[in-house]
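Chains H and D, in that order, give the protein sequences. Residues 1 to 185 in this note's numbering are what the first sequence lists, from first letter to last. Residues 1 to 185 in this note's numbering are what the second sequence lists, from first letter to last.
Since the hints were derived computationally from the structure, they do not count as laboratory data. Treat the hints loosely; a few may be bogus.
The list makes no distinction among identical chains, and a pair is therefore deemed to hold if it is satisfied within one copy or across any two copies.
[Unchecked claim] Straight-line distance between alpha carbons at most 20 Å, and here's what the computed SDA-like set of lysine to any residue pairs gives:
(1) K120 / F165
(2) K120 / V141
(3) K111 / P100
(4) K120 / S104
(5) K82 / T37
(6) K44 / R64
(7) K120 / L97
(8) K38 / D119
(9) K38 / L97
(10) K120 / G43
(11) K82 / T34
(12) K44 / K120
(13) K44 / Y88
(14) K45 / L69
(15) K82 / L161
(16) K44 / A108
(17) K111 / T34
For reference, the chains in residue letters:
Number of protein chains: 2
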Amino acid sequence: MRPTLRQRIALDMDDVMADTLTVWLDRYNQDFGTRITKADLLGKKLYDLVGPDRVAAARAYLDRPEFFLDLPLMEGSQMVVKRLSETYEVFVTSAALDHPNSFSAKYAWLKKHFPFIPDKNIVFCGDKSVIRADFMVDDSVPNLKAFIGQGLVFTAPHNALDIGFPRVNGWVDIARYFGVVESFI
Amino acid sequence: MRPTLRQRIALDMDDVMADTLTVWLDRYNQDFGTRITKADLLGKKLYDLVGPDRVAAARAYLDRPEFFLDLPLMEGSQMVVKRLSETYEVFVTSAALDHPNSFSAKYAWLKKHFPFIPDKNIVFCGDKSVIRADFMVDDSVPNLKAFIGQGLVFTAPHNALDIGFPRVNGWVDIARYFGVVESFI
């Protein structure tokens, strides 16, 4: 049995470390001439809003590996993850199996923006109930429900109406929750 | 919190589901004109045997994605994994982060030979202490030591001298251990 010396935090990638939704929405709006905003997505997924005939088209963006290569960072994520790593064991746990073409692009993105996270702390999975950690930060409430440990919901339009998990509205909130805020503000 | 109705088994891929060592050894011997056998590898890794100047060359085989595409199955693995899946939650937990080029090839291999394992039950990871499961079958003793749960060591030359974990000498032993042997013999 392995002694756990430091508490372990599992961080989701899309819409937590990377600002996936902004890019996805921009591209969709541009290609389909729509003006869907984040406010329109309150309590909904993009799939719910585009209508059944466009679900496949909306999903197709996420099945292109290049999509994940150039995603912008969620504001503050680099700095706070770095600080968390000094006190906690930080794992990245991405549901990459939802889009199996995306492994290499997601890995490349992580190495570019979070080079201080060792490879051994990167997990590409599907069902997040397989993750053993003390905390999980994720925008997906189903992921958090599957997780055995303390879940924190990272605010995104689709989860804005959900209750049941402590909520973090961005990376400054995460820093506060884990007590590393004083080291960078 | 998620209720666990079925016990969960985490299965390693290389040298458990796939016969990686046989192919690796064949290719190395062919390319370098050596005659290293599995018996030579008792208690050793190939890296220990080839000498420091050839470690990088030996490792290079595993960094080529094609290597993982055509690996033969470990005898009995398909049938026993199928039977296990009827009673247990079966997850594949591969330390794919050791060779980050290998994700897609490993995924393709799994879909070809184990199409009945859902994507959500596939995990590519590094440090296996992040896996939450009841059992883990792995040829790596360090992986089993990191795991919180019951480890079973799958016999390979390199671990043949290790003690400390119940040992399975192939898939018939696994079927016996988990009580599914009667359904296929």
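Here is what the structure says about each hint:
In this homomeric assembly, K120 and F165 never come within 20 Å of each other (Cα to Cα): the closest approach is 28 Å inside a single copy and 23 Å across copies. Only between protomers do K120 and V141 lie at most 20 Å apart by alpha-carbon distance; the minimum there is 16 Å, versus 26 Å within a single protomer. With identical chains, the CA atoms of K111 and P100 are at most 20 Å apart both within one copy (18 Å) and between copies (11 Å). In the homo-oligomer, the alpha carbons of K120 and S104 lie at most 20 Å apart both inside one protomer (15 Å) and across protomers (18 Å), since each shortest distance falls under that limit.
For the identical chains of this complex, K82 and T37 are neighbours neither inside a copy (31 Å) nor across copies (46 Å), given an alpha-carbon limit of 20 Å. In the homo-oligomer, the alpha carbons of K44 and R64 never lie at most 20 Å apart, since the shortest distance is 23 Å inside one protomer and 42 Å across protomers. Taking identical chains as interchangeable, the C-alpha atoms of K120 and L97 lie at most 20 Å apart whether they share a chain (18 Å) or sit on different chains (6 Å). Neither within a single protomer nor between protomers do K38 and D119 lie at most 20 Å apart by alpha-carbon distance, with minima of 33 Å and 29 Å respectively.
In this assembly of identical chains, the alpha carbons of K38 and L97 never lie at most 20 Å apart, being 25 Å within a copy and 35 Å across copies at closest. With identical chains, the CA atoms of K120 and G43 are never at most 20 Å apart, being 35 Å at best within one copy and 24 Å at best between copies. Taking the shortest Cα distances, K82 and T34 never come within 20 Å of each other, neither inside one copy (38 Å) nor across copies (46 Å). For the identical chains of this complex, K44 and K120 are neighbours neither inside a copy (34 Å) nor across copies (23 Å), given an alpha-carbon limit of 20 Å.
For the identical chains of this complex, K44 and Y88 are neighbours neither inside a copy (33 Å) nor across copies (34 Å), given an alpha-carbon limit of 20 Å. In the homo-oligomer, the alpha carbons of K45 and L69 never lie at most 20 Å apart, since the shortest distance is 22 Å inside one protomer and 36 Å across protomers. In this homomeric assembly, K82 and L161 never come within 20 Å of each other (Cα to Cα): the closest approach is 30 Å inside a single copy and 41 Å across copies. In this homomeric assembly, K44 and A108 never come within 20 Å of each other (Cα to Cα): the closest approach is 30 Å inside a single copy and 33 Å across copies.
In this assembly of identical chains, the alpha carbons of K111 and T34 never lie at most 20 Å apart, being 34 Å within a copy and 37 Å across copies at closest.
Violation of the numbered hints given earlier is confined to hints 1, 5, 6, 8, 9, 10, 11, 12, 13, 14, 15, 16, 17; the remaining hints are satisfied by the structure.
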